[in-house]
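**Student:** Take the sequences, apply the hints, and build the full model.
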Amino acid sequence: MSQRSTEALRAGMKTLKTNPRRALEVLKLATDDDPGMADAWLGRMAAGDRSPATIARLADARERLGMDLRTCGSELRVIDLDVTFDIEYLRWRIEDATTAQLAYIGILLADRNYAEANTRLAGLGTDPKVQYTRGVLMQMTERWPDVLAAVAGREAWFTDALLSRGAALLEAKAAAHLGMWERAGAALEVACDNTYGPDLITRDATFQRALIARAQGDDDTARQTLGDVAMRWPDFELTRKALADPTFGIKVVDHATIDTRVDPWDPTTGRTPEQRQDDQHASEARKDLADAEATLKAMIGLDEVKQQVRQLKATTVARILRERKGHTSTAVTNHLLMMGPPGVGKTEVARVIAKTFCGLGILPDRDVLETSKEALAGQFVGSVETQTREFLASAIGKTVFFDEFGELLHGGYAGGDPIGQAIVAAIVPWMENNRDKAVFIAAGYPRGCQKVIDSNAGLQGRFATTIQFSSYPPDKLIAIARAILARGSNIVEPGALEDVLLEPFTRFYNETKVNADGDTVRAIDDLNNGRFVRNILEKAQIVRDVRVLDTVGLDELDLSDTTLGDSIAENDLLLITREDLWNGLQQATPPAFRTRAAP
0 MSQRSTEALR
10 AGMKTLKTNP
20 RRALEVLKLA
30 TDDDPGMADA
40 WLGRMAAGDR
50 SPATIARLAD
60 ARERLGMDLR
70 TCGSELRVID
80 LDVTFDIEYL
90 RWRIEDATTA
100 QLAYIGILLA
110 DRNYAEANTR
120 LAGLGTDPKV
130 QYTRGVLMQM
140 TERWPDVLAA
150 VAGREAWFTD
160 ALLSRGAALL
170 EAKAAAHLGM
180 WERAGAALEV
190 ACDNTYGPDL
200 ITRDATFQRA
210 LIARAQGDDD
220 TARQTLGDVA
230 MRWPDFELTR
240 KALADPTFGI
250 KVVDHATIDT
260 RVDPWDPTTG
270 RTPEQRQDDQ
280 HASEARKDLA
290 DAEATLKAMI
300 GLDEVKQQVR
310 QLKATTVARI
320 LRERKGHTST
330 AVTNHLLMMG
340 PPGVGKTEVA
350 RVIAKTFCGL
360 GILPDRDVLE
370 TSKEALAGQF
380 VGSVETQTRE
390 FLASAIGKTV
400 FFDEFGELLH
410 GGYAGGDPIG
420 QAIVAAIVPW
430 MENNRDKAVF
440 IAAGYPRGCQ
450 KVIDSNAGLQ
460 GRFATTIQFS
470 SYPPDKLIAI
480 ARAILARGSN
490 IVEPGALEDV
500 LLEPFTRFYN
510 ETKVNADGDT
520 VRAIDDLNNG
530 RFVRNILEKA
540 QIVRDVRVLD
550 TVGLDELDLS
560 DTTLGDSIAE
570 NDLLLITRED
580 LWNGLQQATP
590 PAFRTRAAP
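Counting in my numbering, the sequence shown runs from 0 upward without gaps.
If you're looking for bench data, these hints aren't it; they were derived computationally from the structure. The structure presented is a predicted model; accordingly, all values stated were derived computationally and were not measured. It is possible that part of the hints are untrue.
FRET-style restraints, in silico, Cβ to Cβ [what the hints assert, rightly or not]: (1) E373 / P589: 19 to 27 angstroms; (2) Q279 / P233: 46 to 54 angstroms; (3) Q223 / D258: 34 to 42 angstroms; (4) D544 / D364: 37 to 45 angstroms; (5) D565 / Q310: 50 to 58 angstroms; (6) K13 / E188: 47 to 55 angstroms; (7) D565 / P589: 39 to 47 angstroms; (8) N509 / R323: 29 to 37 angstroms; (9) A148 / D198: 24 to 32 angstroms.
In this text, a Cβ means the ideal position worked out from N, Cα and C, and glycines have one as well.
**Tutor:** So, in structure tokens, the structure goes:
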């Protein structure tokens with residue numbers, strides 16, 4: 000502080016009451032010479048300079064408030080300048096560093112500079128005036144839980160009745176917007192308790208009481224209370240709006256909506272429960288589509304199947320896009336036929352399709368319900384149709400995978416197959432009535448499936464898509480074996496897969512027969528293709544484990560011995576030898592198909 004600024008402060012204070020304009024000019028000299036002279040900035044405000052810039056400079060220099068007045072020998076104190084500011088319903092006098100900061104925070108709130116206001120409030124502690132101002136900030140930005148936190152403990156502010164009532168009104172508004180009606184009502188009682196007669200707090204508390212009644216469905220009380228407010232405060236614009244618009248009222252929000260805001264101070268950037276649910280569905284849809292794509296891509300071979308699934312996806316997406324552009328479409332059936340032998344990935348592809356349809360919004364549920372004739376056949380023929388209907392009722396919104404569909408109808412029955420016919424009788428109307436609500440996938444050999452379709456006119460034309468599967472050739476079976484081994488961290492002797500498995504796989508692939516329905520069935524189909532490969536490897540791993548553990552005495556081993564296995568190399572625990580593989584092949588192969596000698 001320089002001599003010049005001190006003299007300017009003293010002179011300005013002397014003329015403040017008699018000549019405010021002259022005082023302001025002199026005090027400007029003081030602040031120009033010493034921008035940190037808080038008392039000069041406060042004097043400028045007392046002289047009529049209420050610009051935001053002046054109030055901001057006072058707030059920045061607030062720690063020196065009162066010091067320079069004492070230094071310059073002025074008879075005036077800070078409180079003598081009687082500079083006041085308003086925060087919501089309350090008017091306070093600038094008398095210390097805290098109130099100087101609050102005065103500028105009031106400017107920030109008016110300018111909607113909420114982030115800066117919050118930053119400045121953070122350094123002011125928990126004085127009731129600070130807490131009230133913090134509550135006002137949170138009310139203006141509709142951060143209702145933070146309003147409640149700010150005015151927590153307001154009951155102790157009873158020494159300042161106006162502050163206590165203002166805080167109670169803040170609490171009531173926040174509680175109401177969070178759907179906490181009882182707490183809001185109790186706080187309104189405090190807000191309305193004014194021994195000096197009605198004021199703006201009373202007005203707004205009464206108006207809030209009307210909105211709470213409306214939110215709770217008590218329209219009569221709401222209208223009566225709004226009428227009372229309109230009569231007592233005829234210029235209150237919100238009352239006229241509420242009376243004219245019966246939908247005007249409290250918008251209840253939850254904590255999560257506030258927590259999801261992109262901008263913490265902008266209520267419009269939060270995500271409502273409905274939007275969050277949509278976000279979750281969209282996230283799950285993206286995951287379903289990604290999982291389906293990854294699963295299909297990881298499957299060995301099936302190039303034609305993958306292309307057909309891709310075409311199905313493209314057709315579905317194109318239909319959705321046309322509908323979005325206003326082109327209506329009739330209800331489309333999504334039921335499918337999967338023609339092919341067992342063990343070639345039909346069930347896995349069914350799961351891929353279910354996830355794809357779920358990801359595209361065609362189905363709400365990604366679950367695949369697997370069934371067959373055997374699963375639906377009850378103890379009595381008369382119960383089959385009922386049991387089938389109950390099963391299908393549980394499948395609405397989901398995908399049904401009916402395996403061995405071609406086995407539904409067998410010959411040898413007088414008048415047909417009653418069990419199969421009962422199941423078909425339940426399936427046909429369900430497929431028609433729920434063609435846009437569920438997916439029915441029938442799987443089996445081509446001629447067998449066609450036989451069932453031909454048996455009932457209602458089934459004909461119900462399947463929009465047919466996906467053809469073929470038996471796995473030997474090279475694909477070997478590739479499947481490698482993939483299974485890799486997933487289990489197993490290793491195999493170099494060349495063992497080809498040496499042990501190629502010849503039987505080739506033989507099983509080439510051996511064919513024609514079944515009763517006229518379908519060509521390969522021996523590898525009877526062995527279940529990919530499942531046969533998995534069974535071989537599972538058996539081979541068991542053979543290996545027994546072989547390795549026999550070296551340390553499998554029958555006498557003690558698992559509490561911490562040195563157990565130290566003599567076994569890690570590679571030995573993972574390695575499947577040619578002999579292990581051959582023994583696994585023998586154990587997994589039915590006797591009629593077994594080879595007779597180790598390679």
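**Student:** Enumerate the violated hints, using their earlier numbering and listing them in ascending order.
**Tutor:** 8
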